[in-house]
Structures are given as structure tokens and as C-alpha cells.
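Enquirer: Each chain is listed here by its residues.
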Amino acid sequence: MVFGSVAAIGAGLAAIGAGIGIGQIGKGAVEGIARQPEAANDIRANMIVAAAFVEAVALFAVVVAFLGTK
Amino acid sequence: MMQRSYKLLLTAAFSLFLILFSGVSFANDTTLNKAEEHTVSEKHEAKEEFNVTETILEHIGDDHSWHLWGHNTIHLPVIIYSDKGLEVFSSKNLVDEHHHPVMYAGNYNYKLFENKLKVAKADGSLDEEATKKTWDFSITKNVASLLITVFILLFVFLRVGAAYKKRGVTSAPRGLQSFMEPIILFVRDEVAIPTIGHKYKKYMPFLLTIFFLILLNNFLGLIPFFPGGANVSGNIAFTMTLAICVFVVVNLSGNKSYWQHIFWMPGMHWSMKLFLAPIELIGVFVKPISLMIRLFANITAGHVLVLSLICLIFIFKTVYASAIAVPFAVFISLIELLVAFLQAFIFTMLTGMYIGMATEEHHHEEAHH
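Sequence lines, in order, name chains A and B. Its first residue numbered 19, the first sequence is counted upward by one per residue in our numbering. Its first residue numbered 101, the second sequence is counted upward by one per residue in our numbering.
Read the hints as simulated data drawn from the structure, not as lab findings. Take the hints with a grain of salt, since some may be wrong.
Here are the computed lysine to any residue pairs in the SDA-like style, where the Cα-Cα straight-line distance is at most 25 Å [claimed, not checked]:
hint, chain 1, residue 1, chain 2, residue 2
1, B, K216, A, V81
2, B, K218, A, K45
3, B, K216, A, K45
4, A, K45, B, S357
5, B, K373, B, S357
6, A, K45, B, F441
So, partial list: chain B residues that the calculated Cβ filter (under 10 Å) puts toward chain A [stated by the list, open to error]:
hint, residue
7, I293
8, P294
9, M340
10, S353
11, E380
12, I382
13, F385
14, L395
15, A397
16, N398
17, L438
18, I446
We put the beta carbon where it would ideally sit given N, CA and C, even for glycine.
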């Protein structure tokens, strides 16, 4: 019994990649804020921008998965 | 004088908008294919299975008619140019009451195949060679939504511009100005000046246009009812057009140092220069392509996520699933608001960075060990 397509596995792997990447960005950001709480706002802004880039790469893979379904 | 010219422009834009929406009254003849009608109503008797993929793709894709609520639909005009001439008719002729595609006999026999207008043979199957001869310039949902966006942008920014002209830049802003000014200054101080440098003024209109166009389209895409609800920024053609604009601006404003860095990277051994040239050339194309895919994928993924959560209610076939699905969907929609702003900001910032890289005066580097 197989549900879905192989493209869904590709999208799932992309989600793993995004999770690891953004988790590391979050880790770095939280550590930075812990060391220097005054810089929290700057660090937060940079974290969000970097997260958007990593997310974009994962979504490249999702787009390819979309192409693979039909 | 400025008041009159902006009012004229607004009137023109609004009239164009009204004309295109009055396409409902075009071409009143309806197709009376009795045999087809009978089989269509027969199909409707058998309960149609709820297909999640189809529903989601239908909602994020383009459409020739704009469904408002319940049974109310705006049937947008279909404009087809073929070798037999220009033809305009209402898209009402293309669907029957059960929203199944129906053939319309104009210059050619038009029919919707997977929501795209193509030419059909007499028996209803796809006629590929005839379809190749037709050019579809229809006002579809995305086009109409873009026109709405253009109208809103013109309305807001012509007013703000006129207010600045009247009041000058030294006195405090009032009204709509005071709402737009922080955002415009944000784009100038956080995006344009850090990335482009002192030559930023020339590129500010372009950056501001990109930012507000993408932002407004993202926001309108999140609103589920009219005038929002059309997935414009999640349409790859829209993002491709923006990427082409960025490509043209970046490469037209490239100075000698920019092109030299692409084709003959200074400060390296000649073998490395030869090796880097094709890679850098690919980079010239890949950067706008990545802009295009990034915006398209983020916005489409967000819409698909929200739609899937709502479709959960229909998969479980119980209204109590909404107790989980709706809060979740609201939560995801709030994240999508952040993503909408963030993607507009990132597109603008990357455009600024590419322009900055193209226009920066490079200090001559010789020995690069």
C-alpha cells in the first residue's frame, strides 16, 4: 500500500534540511543574544533574514517535488 | 496643475479597470450543445469525490472567472488573438452551471483544458496545431488582481507624492504620508544605502516599486475574499517578469569593473581566470532565477499550507475538525503575514545587493595572494 508519490519523499528530505539549517541559525542567534543582550534586536533581524535564505533553498527542493508529482 | 494630472491618471486607471470588469456583458450567445449538457448533468448525479490536490491546485492557479461567494462569479473577458483575428467574449460561455467546461464556437472551437483555454476539435478533444496559432491575452483572475494592485499603488503613492509637493519635505507629514514615510525610509536606510552606497538615489524608484508591488500582492493573496484571493506573487510568470526586470537593470548598470570581474577576474592566475569565467557567467543568470523561484516557492508553499489545513475539514468530513483546522490555519496565516513582508524585503535587498555589486568602484587589486 503506497500513499502519495516519490516526490513527497523529496519534499520531506527538503524539510529535514530546512529544519537543521534554521535550527542552527536559531542556535547561533540565541547564543549571541545570551552573550550580549543589548544586541538582541540586531541579532534577531539578521537571524530572520538568514532563516529566509535557508528556507528559500528548501523551497527550491519543494518546487522540484511539485514538478515531480504530475 | 499636479492635482489635475494625477486626477486624470487616476480616472484613466479606474476607467480601464471598470471597462475590463464590464466584460460580463460581452457576447451574450450561449452554446446549446444539448448532448453535452445531458451527459454533464448526468455526471453530477454521481457524488463527486473530494480531491484535495485538485482543489488546492484550483485555488492557487489562474482562472478565467473570479469566484466571489456562493454562486456569484465575475466572468472575466476572454481575449484571443489568432490568425483569424481578435476575438473577445465573456468566459461565461466556457462553463455550464455545474462549472464543467463547455465548448464555445468562435473563430475556433474554444474549450478549457485543465483551466487553460485551448482549441478543441469538433468532438471535444484537444487540437494542438490550432492551439499553437492562438494567443491568449485574456483578463484572467491574476491579471485583474494585478490591475487592482496597480490601482491601489497609484492611488496611494500619487496622493503621497502630491502631499510632499504641496507641503515640502521639511514640515511634518500628515495623513497617508505619515504611514508611508517610515516604510519608504526603511527601504532607503536599511536596503538602498547599505547595499548600493552613495549612488542609491538613481535606483530608489526601482527598489521602492519592487518592494511595494511584491508586498501588496503578497498581502492581497492572503485575503481569502475579493479584492484579494488571487495568487499573483505565487505565479511563476509574475516573478519571472520581476526577475527579468532585475536582470536588465543590474546588467545595464554594470560598470567596467563588474564585467571584468565576470569574464577576467583580476588578481588570479590565468588558469583560474579561465576556470572562473563560465561559472561567473552562469552566476549572472542564476541570481535572478533564484530570486524568481524564492518568491514563487515561498508564497505558493504558504498558500498550499493554509489550503491544506482547511481541506482537512473536508477530508475528515466532519465540522468538528474545524476546531483544530481553523486555529492552526489562523496561526499559519499569521506566519504567512511575516513571510509576505520578509519575502518582499529579501527580494528588494538582494536586488539592491546585485545593483551594488554591479556599480561599485573596485579598488585596483594586483597581487592577490
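Enquirer: Kindly indicate which numbered hints from before are broken by the structure, ordering the numbers from low to high.
Expert: 2, 3, 4, 7, 8, 9, 10, 11, 12, 13
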